[in-house]
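Q: Here the protein sequences come in this chain order: A and B. The numbers in this note's numbering rise by one with no breaks, and the one at position 49 of the first sequence is 49. Just add 115 to wherever you are in the second sequence, counting from 1, and you've got this note's numbering.
Watch out, some of these pointers could steer you wrong.
From the structure, some residues in chain B lie toward chain A, with a derived Cβ separation under 7 angstroms [stated by the list, open to error]:
| no. | residue |
| --- | --- |
| 1 | 159 |
| 2 | 216 |
| 3 | 224 |
Some chain B residues well away from chain A (every beta-carbon gap over 12 angstroms; in silico) [said to hold, decoys possible]:
| no. | residue |
| --- | --- |
| 4 | 144 |
| 5 | 157 |
| 6 | 221 |
Each pair of labels, with its calculated beta carbon distance range [stated by the list, open to error]:
| no. | chain 1 | residue 1 | chain 2 | residue 2 | range |
| --- | --- | --- | --- | --- | --- |
| 7 | B | 224 | A | 52 | 48 to 54 angstroms |
| 8 | B | 129 | A | 62 | 25 to 31 angstroms |
| 9 | A | 13 | B | 128 | 36 to 42 angstroms |
It is worth saying that the hints were derived from the structure and are not from the lab. Since this is a predicted model, take the numbers as computed values, not measurements. Backbone N, C-alpha and C define an ideal beta-carbon position, used for all residues, glycine too.
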Amino acid sequence: ETGVTQSPTHLIKTRGQQVTLRCSSQSGHNTVSWYQQALGQGPQFIFQYYREEENGRGNFPPRFSGLQFPNYSSELNVNALELDDSALYLCASSSEGTPSSDTQYFGPGTRLTVL
Amino acid sequence: RKEVEQDPGPFNVPEGATVAFNCTYSNSASQSFFWYRQDCRKEPKLLMSVYSSGNEDGRFTAQLNRASQYISLLIRDSKLSDSATYLCVEGGSNYKLTFGKGTLLTVNP
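Let's have the full structure, built from the sequences with the hints guiding it.
A: What follows is the structure, encoded as structure tokens:
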């Protein structure tokens with residue numbers, strides 16, 4: 001186990017609603033990255049937070065937003081949900097702001113279904 | 116051209132077989148590469164980092180060819196427990212990992 005936790009594990013929403021997903025990073029890690037994994041695809045980078053600020057963003061619209069708290073936990077918020085937002089949302093924690101992969105540890109994910 | 120492309124699979128092999136996965140990447144400036152393993156409905160887990168000299172960890176061997184922008188993973192003496200999706204990953208920029216679509220491996224008894 002990596003020590004990265006995510007909540008909730010599963011979530012069902014309807015189109016147009018808003019959702020907040022949560023991630024607690026591994027002890028000692030100050031960086032959190034979020035990824036979206038659609039069925040049959042590899043994870044796609046959404047954004048990364050380092051010391052409570054966004055530290056890079058992938059090709060996702062502004063309705064995907066995030067926060068990082070002083071304890072390094074993080075939230076992913078998605079507004080105006082669309083059917084295509086249905087996916088597994090993965091959080092990865094690491095130390096410092098540079099992503100050597102062997103220091104990025106993934107949580108179990110939140111499976112979001114949009115109806 | 117996609118940033119990271121993998122063999123589409125799926126691969127079905129008997130126990131004890133040797134299986135090879137191939138991957139190409141488009142960013143010639145990329146410095147780091149990895150193979151992750153993902154079990155069904157679980158999170159990706161790091162299997163191996165890929166070094167330019169090639170590296171081996173037990174039954175697993177990873178190779179990198181920078182000239183061809185090509186990465187490979189070889190699994191020898193396949194076990195039932197090796198059944199999973201294998202993800203090729205490029206860590207080219209300083210804040211994100213770029214994943215391929217993954218290749219599903221099923222090892223049969």
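Q: Each hint needs a verdict: does it hold in this structure or not?
A: How the hints compare with the structure:
1. 159: holds, 5 angstroms
2. 216: holds, 5 angstroms
3. 224: Status violated, d = 26 angstroms.
4. 144: Correct as stated: the minimum Cβ-Cβ distance to chain A is 15 angstroms, above 12 angstroms.
5. 157: violated, 7 angstroms
6. 221: holds, 16 angstroms
7. B:224 x A:52: 48 to 54 angstroms: holds, 51 angstroms
8. B:129 x A:62: 25 to 31 angstroms: violated, 50 angstroms
9. A:13 x B:128: 36 to 42 angstroms: holds, 40 angstroms
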